[in-house]
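Construct all of the structure, not just a fragment, from the sequences and the given hints.
Next come the chains, spelled out residue by residue.
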Amino acid sequence: MLDAMREAIVAAVPWFNLFILGYYVLVNGVYFALLLIASVATEQHRKELRYGAFGTMSGAPTTPPVSVIVPAYNEGRNIVQSITSLLDLNYPSHEVIVVDDGSTDDTLARLTEAFHLTEVDLIYRRHIATGPVERFFVSPDHPGLTVVTKPNTGKADSLNVGINLARSPYFCSVDADSILERNALLRLMGPIVTDPERVVATGGIVRIANGCKVQDGRIVEVNLPGDMLSRLQVVEYLRCFLFGRTGWSSLGALVILSGTFSLFHRETVMKVGGYDRRTVAEDMELVVRLHRRMREQGAPYRITFIADPICWTEAPSRLKQLGRQRRRWHCGLGESVFSHWRMLFNPRYGPVGVFGMPFQLVELFGPLVEVLGYVVVIGSALLGVLSTHFLLLYLALSIVLGVFLSVGAVLLEELTERRYPRWRDMWMLLFVAVLENFGYRQLNVLWRVGGLYQLLWARRRWEVVKKEGLGALPAGAEGSK
Amino acid sequence: MNLALVIVTAAIAALAAAVGTIVLVLVIRRLRERTRDRHDRRLRERLAGQVNRVAGGERAGAGMPGRFKPGVGDGAVLEELLCEARRTAEPEAARHIARYLDEGGFTDHALTRLVHGDRFARADAALRLAEHGSPRALPALVAAVNDPERDVRTAAVRALGTLGEADDGSALAALSQAVERVAAGGTERGGDVAPRVLWASLARFGPGAARVLAPMLVHPAWRVRSAAAYLLGEVGAAERIPELTERLADMEPDVRAKAAQALGRLEARSALFPLLGRLEDPAWLVRMHAVRALGALGEETATEPVARRLFDPHWRVRQEAGQALARMGGSAVELLTHTLLTTEDGFAREQVVEELQRTPVLAEAIDRVGGEWTQTAEPAEEEPAGPATRLLTAVADVGAHGRMLAALADHADPGVRRALARLLGPHAGARVTAGLSRAAAADPDPQVRAEAERQLAGRAPGAGAGAA
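Protein chains in written order, with the working numbering: chain A, 17 to 497; chain B, 10 to 477.
Don't read these hints as lab results, they were simulated from the structure. This list has only true hints and no planted wrong ones.
If you want a taste of the chain A side facing chain B, the calculated C-beta under 10 Å gives, among others:
1) L37
2) G68
3) T79
4) L417
Partial list, computed: chain B residues near chain A (C-beta under 7 Å):
5) L24
6) A132
7) T163
8) E363
Keep in mind it's a predicted model, so treat the numbers as computed, not measured. Cβ atoms here follow ideal geometry from the backbone N, Cα and C, with glycine treated the same way.
Structure representation (structure tokens):
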């Protein structure tokens, strides 16, 4: 009986190896192609930026107004810095709406103190269905600032409240633990100014603020984070945004815009019902839904990503918190794929249906395949059918490819913004690009399997990710969690 | 199997080589840039004096003839520095710099690049010429507006906007042609210069742009008419009020709305009656802009017609009507108050209350309400019906308790706090209960505490716990 089982397993191993190889070639082939496409697109965009619309937008009466919506839950440590940076943006006409999502800390008190908020009774019109709202505040010093408080009903609901209150044709969602560069909103508006009839959403790059010096709501000195976990995320974000999103955007198959920093046409979002309150990754779900609805209606549209508008955000610097975040992201990815499964491999939905969504499916089950791979390797070793030579080569290829992709992202960063000008930072980024293949990648696989488990069998909910607070704040505003 | 091993090994080698190459590129690039930056920095320090001399009036060739060659070494850096200096220079110094760049051959160099360079060089040259500020660049830039490449056309349009002051009419004519071309394409997408860039450049000409914008008011394409109307308001073309007033009767709602908006921006009193006529427009956008424009005019005659818009079927018009009346002040605010006290329309009442908060009326009523109540030593069953009381009762009925709760907590006059406790008493809700509970427990005045307790007495126990 055991012999028969052994024989069956031995017979199955080559087929499984073939499957793994196919998966490996597919995934890395796509990454490789994205890197190439992103390199070309980035160079093109860099040149166009100098001669394009951006230069005329600052102060022009034709630049559309924007409502910046900031959902905040227990963000007392960062909120003043973040809102100061938003009020100080170089943009001709923008308002800032802070939605305090039932914070239990001093978020509202800090806002009231810093911006001298006074309570008013505004009419709240539910263009999109939301939970209840409680109080409204405005600032006599900053006429463009509105703060609304509500019970804790989640980020998606908070964003919907913000959309209902927004008075501009476009809205920009920004996380409360983030800081926008002064021209970020203006740059993010670039694709809309150039193609206002089609562009319904656009996203900018999110970078890690851990380790950076912040003063009066501005990043005054860019540094790499002090801890290795955050540094690993720096390279990961560069890879994800600079070639992942740029590449998919160039193909017209972008299905994720980071909720940390993205801009939408308000009416279009309202027509599709706003953010979905039932999902844990409301940003991705909204983008997929926009693709779906626009395609179904046959409306011409574009959803784009550009890498030059920069938003600095705080990354989790503890393994437990990072694990929570990654589980949630993966669970959210699954929710978006499952709730829009009709789009998979469906040419009716254009590049999103044919490339974007199927690749998300591959990404969704990728961690399972990887874990299975490890199991088979161990099993094969136990059964004595493992070719050590081949395994080592395969591992080497996997690592070198991973390093290549990350180093490619570092090169793209160098060619575009070069926010880490110090030599030691560059060497550190290259070192981290190698290091992440030994342990961090595997940890990510485990977290993502956890996310998959959560998606399929456990209760899905928004897990709060605790962070340390944006660093090196000026006296009076400093704090640490 | 062997083949597979060979392939994998080759792939590893290739990738490792690629990684090495990338690292090498990174290092070489940084080294080169570091060297260049150092050189530029030194050069900039050295040339700072030269920039000052140029701004002071030194002519090209006066110092060392031929030393600064355009586009090369010191010349390129000097050009950069002069352009930077010109952006912030006084008009006289800016003229000197422009003359130096022209006489020194820098402008000619850019003009050559504008014609013979690749697309990025041409676009760069167009922007550079704008920074030079030489009127000689105008014909070339006008020609570049028709360049086959969009980047170059966009840069030329931007450059012409920057050179607006020096225009002899040709720049505006070229931009006008560009508008025609975009309109003829029938689309605002992809292929041509983005219309918003085009309009932004035209706006930089200020009121001078009116002579090309005004004819566009009768353009066959409604988008052009609409944009022209909007921009005429933005550039302050007061002499075009008659043409804009005519556009209030345009067949396209967006044009009518933009014309109303422009007339408001221009505070066109002569357009008062046509604007009043637009208050009944079938398109809500037109009604909204007409209301806003009438609010900007602030004419007494418009008060009542605008107040009627508080009952408009579209919430944006109601909102705008409320804001307009609040902005108009005086009798318009009285009308707002009157509407609140007399109408049964819930939407209108909400809107009025929202707007009254932007006026001193509510704060004044709160200050006065104490006086209307202190005449009775003991709480009376019948509420006195002073004007402040009636107003605040109506405000509280709408559900707007925020101001009153804030005053209940911190108003200096205990009579006011007591009156507010009485007025808020009949209203349900966790916030009101919490406010009354706080007053009952912590108000320094015993009469206020007693009144708050009396109002709380009839409520369900723990009703305010959530908000407290």
